[in-house]
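Below, each chain spelled out in residue letters.
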Amino acid sequence: MPSNDIPHVHVKLFGLFRLDTGLHELDAQARRVKDLYPVLLREARAGNPATTITRADIDGCVVLVNGKQSKKSTKLSEGDTVYLMSPVCGG
Amino acid sequence: MATSYSGYMGKVLELDLTTRTAKEYPWTDEDRRLYIGGKIMAAKILDGMLTGHEDALSAENPVVISTGPLTGTGAPCSSRFNISALSPQTGIVASSNCGGTFGYHLKKAGLDALVIRGACETRSWISIENGEVEFHDAEADGVWGLRVTPAQERIEELLVQKWGARRAFGQLVIGPAGENLVLYAGVTSDERAAGRTGLGAVLGFKNVKGIAVFGNHEITVADPVRNAAWNKRFFKTLREHPLTGKQMPRMGTPGLVSPMQMRGMLATRNFSAGRFDAFDKVSGETLAEEANVANRGCVSCPIRCSRTVELDGQLVKGPELETLGLLSANIENDDLNVVLRLNHALNELGMDTISCAGTLAWAMEANERGLWECGLSFGSAQELEGIIEDIAYRRGIGADLADGSKRLARKYGGEEFAIQSKGLELSAYEPRRAVGMGLGYAVSNRGGCHLNGGYLVIMEGLGLFCDPQTPKAKADMTMMFQDLMEATAAAGQCLFSTYVFFPSMLITRPRGLVTTVVNKAAPHVGWALRAINKFPRAVHMHMPILPHTRSFEYATGMKMKMGDFMRSGERGYTLERYISQRFGISAKDDTLPKRLTDTPQDPADPTTKVPLDELKQTYYEARGWTPDGRPKVSTLQKLKIV
Ligand code: SF4
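Protein chains in written order, with our numbering: chain A, 71 to 161; chain B, 540 to 1181.
Keep in mind the hints are simulated off the structure, nothing from the lab.
In this text the structure is predicted, and so the values were computed from the model without any measurement.
All residues carry an ideal CB built from backbone N, CA and C; glycine is no exception.
Please note: incorrect hints may appear among the correct ones.
[Stated by the list, open to error] With the Cβ distance kept under 7 Å, some of the chain B side facing chain A (calculated, not the full set):
1. Met-801
2. Glu-824
3. Thr-825
4. Arg-1048
5. Thr-1157
[Stated by the list, open to error] According to the in silico footprint, chain A covers these stretches of chain B (three or more CB under 8 Å from chain A):
6. 784 to 792
7. 809 to 823
[To be verified] No farther apart than 30 Å at their CA atoms in a straight line, the calculated lysine-lysine pairs in the BS3-like style are these:
8. A:Lys-145 / B:Lys-1098
9. A:Lys-138 / B:Lys-820
10. A:Lys-142 / B:Lys-1059
11. A:Lys-82 / B:Lys-820
12. B:Lys-1133 / A:Lys-82
13. A:Lys-142 / B:Lys-1098
14. B:Lys-1073 / A:Lys-104
15. B:Lys-1059 / A:Lys-138
16. B:Lys-1098 / A:Lys-138
17. B:Lys-1059 / B:Lys-1098
18. B:Lys-785 / A:Lys-141
19. B:Lys-785 / A:Lys-138
20. B:Lys-1133 / A:Lys-138
21. A:Lys-141 / B:Lys-820
22. B:Lys-1059 / A:Lys-141
23. A:Lys-104 / A:Lys-142
24. B:Lys-1059 / A:Lys-104
25. B:Lys-785 / A:Lys-104
26. A:Lys-145 / B:Lys-820
27. A:Lys-142 / B:Lys-785
28. B:Lys-1073 / A:Lys-142
29. A:Lys-82 / B:Lys-1059
30. A:Lys-138 / A:Lys-82
Please build the complete structure, drawing on both the sequences and the hints.
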């Protein structure tokens, strides 16, 4: 059970991750970006039990916190908005 | 001239529109070996015709429509054909590549290329059956004046009437924009476009509304068994690659809107920023979820990158990334439906979506700064459908807008925010967060083009992520990518097929050890790339990362190892530059607007601008050009251009 001193953040998803799972956004509690990953995997599998998304795929996500390029180790604060985009681009 | 190579039809037809006569253009096997086909072949033909005194909109501007040897041989993504001529936007040699079925049917008509000279006295359309040419009255036939879809339908109807039955054929047409000499009018074949550089206006000036081609020649391959087996493997590689098998089929090029936003390279508000707050309303994901009805593709393509959307109950072609970005973030429009409408209107009127959208963004900024009171402003895109129509018919402010941002800025001021190079508007990648792409835009032979510029964004954040702000190794990478893409296009294949150059693991595991090493090492291997660029024959083998060369060998019977392929690309690229020199092109023309070179995108980070002068000098050195950007005689001799 997350405690109340863990920041509440809003997560928005992009890339094939979103198309494969139908998961657009979610609210979660996390101290660092990487703490969101198990939650995402759980939600992704709940959204689409047949999804082939793995933890390694989520690890490869490009991360933006409040519009700034960030890393998975980036610390989060209360009310942050996190954008996560699965790898694979090209165009 | 007959050929001993397979894949080629062995004939190039020279058509004089003024005298309505046709003859064979001499093209030898030695020419085929050196200049492959497509745009490189076209450059060689233009080299022999252009003196440096011709105008793009004149009867003296020759147009070369050429195919590649792989078209029609079963190689994947090989339906492309090329149109080259002087561009009315840039005034120098330009090329534009197109899918559709025209290239295939040109070969079925027994021709590798068409060389068009002179101009028709009256408005015409042309049919070519098995090499035999017929001129038709485009006005009496009710073709002139039509938009591109009805024009193609009308030509088909006329041909069916003539034949008394339906037959397979290929055609290309111009829309009202080409007829009215909009400087960025394109040429359309089926629903694909040779959109860039204004070649539709060149055909419009020549009074050519369309060309239909058909015939029953056989396209042969040198080694049918190995050709079929290899291409089967090549198809499989494309289907299994994360970019060509997953990302592109699922989202098409619009799938790049989000990555570009993440990397700060989504051109926003006429390239004054790299991120657009409302990007998700117009992202590739949203397009896929809410608007895309089906994927379509060119003949023999497993990728099928084209989107199909529903508009007013009709299924129409959806936007490409460049159009989507430039008609949304760059003009601050967050309404996807408006983008779809504008894209469709531009396609039907036969206009380059990139140049038109870039010109509109310039006009919005010029209006807001009080330089040109045209009534356009950022964020109000609803009214643009009427404006686009006015551009195509050169009415009201449309008459000015039809000339593009470079000429408008000369007239009204605001050159520092006219986002073009050599007269061609940049596509949607904001280069201050990808400085190698900035170099590419500036030196590209056809002006501000992301593809002809080497498409380094794929190394700088849209695939790999090697430091997008460092100039290190970018010049050598640019040259290598430009040359590879040049040869790929000349062979008749789509540039998207070159994605297989990047091993899957580098794309799907961006934080993996190998990818991290590649990203970190890339800026330090400029010397190695320089050595390969200088001595490509050292790569005298087929490489798994470039299946194209084996397809080439098995189809044509011509030896084509990776090194030969690179050298052919270099020859084509240098030759275009060599011709453009006659029209006064040198380093002074390899420019970007001041906004991109002098003003950092992030005021707190001085590296977020394009260090163009430094990049250019290294690039000229890499290419064996003088510091003034002219190919040295020794370079021309090495490439057998002189
Ligand atoms: S990838 Fe797209 S543009 Fe290229 S050949 Fe295939 S469908 Fe045509």
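Verification of the supplied hints:
no.	hint	verdict
1	Met-801	holds (5 Å)
2	Glu-824	holds (5 Å)
3	Thr-825	violated (10 Å)
4	Arg-1048	holds (6 Å)
5	Thr-1157	violated (26 Å)
6	784 to 792	holds (count 6)
7	809 to 823	holds (count 3)
8	A:Lys-145 / B:Lys-1098	violated (56 Å)
9	A:Lys-138 / B:Lys-820	holds (20 Å)
10	A:Lys-142 / B:Lys-1059	holds (18 Å)
11	A:Lys-82 / B:Lys-820	holds (13 Å)
12	B:Lys-1133 / A:Lys-82	violated (35 Å)
13	A:Lys-142 / B:Lys-1098	violated (49 Å)
14	B:Lys-1073 / A:Lys-104	violated (45 Å)
15	B:Lys-1059 / A:Lys-138	holds (21 Å)
16	B:Lys-1098 / A:Lys-138	violated (50 Å)
17	B:Lys-1059 / B:Lys-1098	violated (36 Å)
18	B:Lys-785 / A:Lys-141	holds (25 Å)
19	B:Lys-785 / A:Lys-138	holds (28 Å)
20	B:Lys-1133 / A:Lys-138	holds (25 Å)
21	A:Lys-141 / B:Lys-820	holds (25 Å)
22	B:Lys-1059 / A:Lys-141	holds (16 Å)
23	A:Lys-104 / A:Lys-142	holds (5 Å)
24	B:Lys-1059 / A:Lys-104	holds (23 Å)
25	B:Lys-785 / A:Lys-104	holds (26 Å)
26	A:Lys-145 / B:Lys-820	holds (28 Å)
27	A:Lys-142 / B:Lys-785	holds (25 Å)
28	B:Lys-1073 / A:Lys-142	violated (41 Å)
29	A:Lys-82 / B:Lys-1059	holds (29 Å)
30	A:Lys-138 / A:Lys-82	holds (14 Å)
In this structure, the hints that do not hold are numbers 3, 5, 8, 12, 13, 14, 16, 17 and 28, in rising order.
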